[in-house]
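Asks: Spelled out, the chains give:
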Amino acid sequence: MNDNPLALIIEDDEDLAAIFGEALQAAQFATEIISDGAVAQRRLKEVIPSLVVLDLHLPNVSGEILLRQLRANPALARTRVVIASADPISADMLRSESDLVLVKPVSFSQLRDLAQRLRLT
Amino acid sequence: MNELRLTIGKKLEQLLHVKHPNQDVARRGRLLNILLLPGLGTGVLAFGLIGLIANFISGWSRQDELLLLATSVVGVVFISGIYFLNRSGNVRLAAVVFLLGMIMLITLSDEPLQLVAGRSTMTYILPIVIASVLLKPWTSFLMAILSSIGLLGLALANNLLSPSVLSTVFVEIVLFQLIALVSWLSARSLEQALTDLRTINAELDHRVADRTRDLADALIRVQLESSKSQAVLESIADGVIVFDSLGKASVVNPAISRLLNLPPSQIVGYRIETLMAGVVNVSDQQAVLDQLHHQESAERLPGLRLQWGNKTLSASFAPIHIQQETGRGTVAVFRDITREAELDRMKSMFVSMVSHELRTPLGAIMGYGEILQEQVHGPLNERQRNVVERLITNTKRLLNLVNDLLDRARLEAGRLKLVSAPFTPDALLEELLSMTGQLAKDKKVDFITHIAPEVPQSMLGDSQRLLQVLANLVTNAIKFTDNGSITVKIDRPDPAHWSLQVIDTGAGIPLDEQPYVFDMFRQVDSLTTRKHSGAGLGLSIVKQLVTLMGGEVQLVSSVGTGTAITISLPLNLTAEGIRER
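Protein sequence lines correspond, in order, to chains A and H.
Sequence positions in the first sequence follow the working numbering and run 43 to 163.
Sequence positions in the second sequence follow the working numbering and run -2 to 578.
One or more of the hints may lead you astray.
To be verified - Pairs of lysine to aspartate or glutamate residues, derived as EDC-like cross-links and limited to a Cα-Cα distance of at most 16 angstroms, are as follows:
1. H/Lys438 / H/Asp479
2. H/Lys344 / H/Glu409
3. H/Lys414 / A/Asp134
4. H/Lys414 / A/Asp129
Read the hints as simulated data drawn from the structure, not as lab findings.
Chain A with its partners taken away, still in its complex shape:
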């Protein structure tokens, strides 16, 4: 289990975070769920996840800011980012800065399969 790469799930909706967690675990990731932007900001300075599932609407610090900071950090250059947003327009605008954009509702199997592919490449 500890050999599995780390996936951070930054999502404030408890249920969605749980489902994302299940999907990523099914894709052989070790998962950690964070529901607050500020907490995520701190955590990203401590760990180097190989995958981040990012919601855009977060308390305290928005997903958009987190994405910019993450991309500006050379230590996280290899980290893959999947954006999960309910708003297709703002999600679309961040398409170039992320590896994948998923518009909610995100399907369990879809996320599992995509994460699996991302882990292998």
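Add chain H to chain A, keeping to what the hints say.
Replies: Positioned in the frame of chain A, the structure of chain H alone reads:
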């Protein structure tokens, strides 16, 4: 100079004028005065001055001088007497006295023999002619008889009864009668002409009076009518401005004053541009002007919605012909729909908010359902799997409905924005197949796709929305097709457009239902008899999305044969697409 002449003319006119209720009598009196004035002048001049001068030259006797003076005085007194008599209104009497005096003067002015023999007989003509115009025309005969009597009397009194003299007198008497006849005829025709003229005048006056009365009546009617219109205009709640052919406000009602928060004096006479300046945004101003100038066409334009200051107004325009004005004016009607607009906005917000709040838990249900379905937490038996599948299918339906409602609300609020990016038609169809292929397979209908060679490899557009449009059409087609095929074609009918076509071999749509296919909440079957699921939102969203993309939707269908829906869209090429060509 001119003024002096005018004053003299006026004074002279006053001197000649005779007041009498009978127009004819007054006219004759004036004529008599005209004749008297030179008589007076002659009386003074000829008998007074000229006589005196002549006396110096020829040396008259004292007796002659006295006689001349006496005659002058008597003449002047006589003429003045007649004048005053005439002025006092006794025109007929004055005329008779004047004429008799004249005959007497003529009879006594020459030696009897000379007069009878014809030296100055012709002077008798004067009273005859004058009588015909001063008195009644027939009095010329009376004068002729009087003159004849005078002449005959003179001859008898002076014993001048030689045949030659008598024959001369006879000829003279006949001549008098002839002259009387001519005078009578001419005076009579003159009187007749005058009478006719007066009749015509009277008739004309009558007619003018009639017309004036008619006009006054019409004016009253118009005023009554316009006061009625005015009352209507003032009582309606909608704001009305009538613009004249020059584009200036000419008529306004109180409601518009309240709507625009301006007194009528600050509206009337101004152009709509001036009224809108600063309170209406530029694009709304343009829309209003477009409609105002679009009045040439007969078709009635749909109303306009615009923000005017802090109010939302609906505006409609119609051409009108204004009397006594060239060109046509425009009547503009404004209605305050601030409350409706606010309610509309609230409704859209509500739908959008509710949809969002519904989507989140639905997404969670879906996710958990899938976790069960994928047997992440252990195997399920056949019946459990079946239950989970039904759970997911129904959640999907609900989710789709909520998505449609959300799209609909966004479209209505104008908040749905298209995101244009490069896409390939191949990928579009591939994605469509992955979304709807299973559905077609389940219903055992063939799913055929075709891309014409003219279609570029890459285009610009909102592929997600295009996919939504296609998925909606294809899902719908599959729903109503029990056997046969669904064909999706991508074509390029002309260089500037590309088209998407979805053709099915399904039930078809009756002709009378076809116009309503793209309306909201519409299925061909009524609510109670419908055998197919769905709220009927899909096609209305298709129509709105395509309109938003600048395209058009066309429907061809016949019952029992199938339906073809063609979407024509403007072609936007990518950089590679342009190079390809």
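Asks: Hint by hint, note whether the structure agrees.
Replies: Each hint tested on the structure:
Proximity of H/Lys438 to H/Asp479 is assessed by CA-CA distance (about 11 angstroms); at most 16 angstroms being required, the pair is judged to hold. Our distance criterion of 16 angstroms between C-alpha atoms is met by H/Lys344 and H/Glu409, whose separation comes to about 10 angstroms. A C-alpha spacing of about 11 angstroms is found between H/Lys414 and A/Asp134, which places the hinted pair at or below 16 angstroms, so the restraint holds. Taking the CA atoms of H/Lys414 and A/Asp129, the gap is near 11 angstroms; set against the 16 angstroms cutoff, the hint holds.
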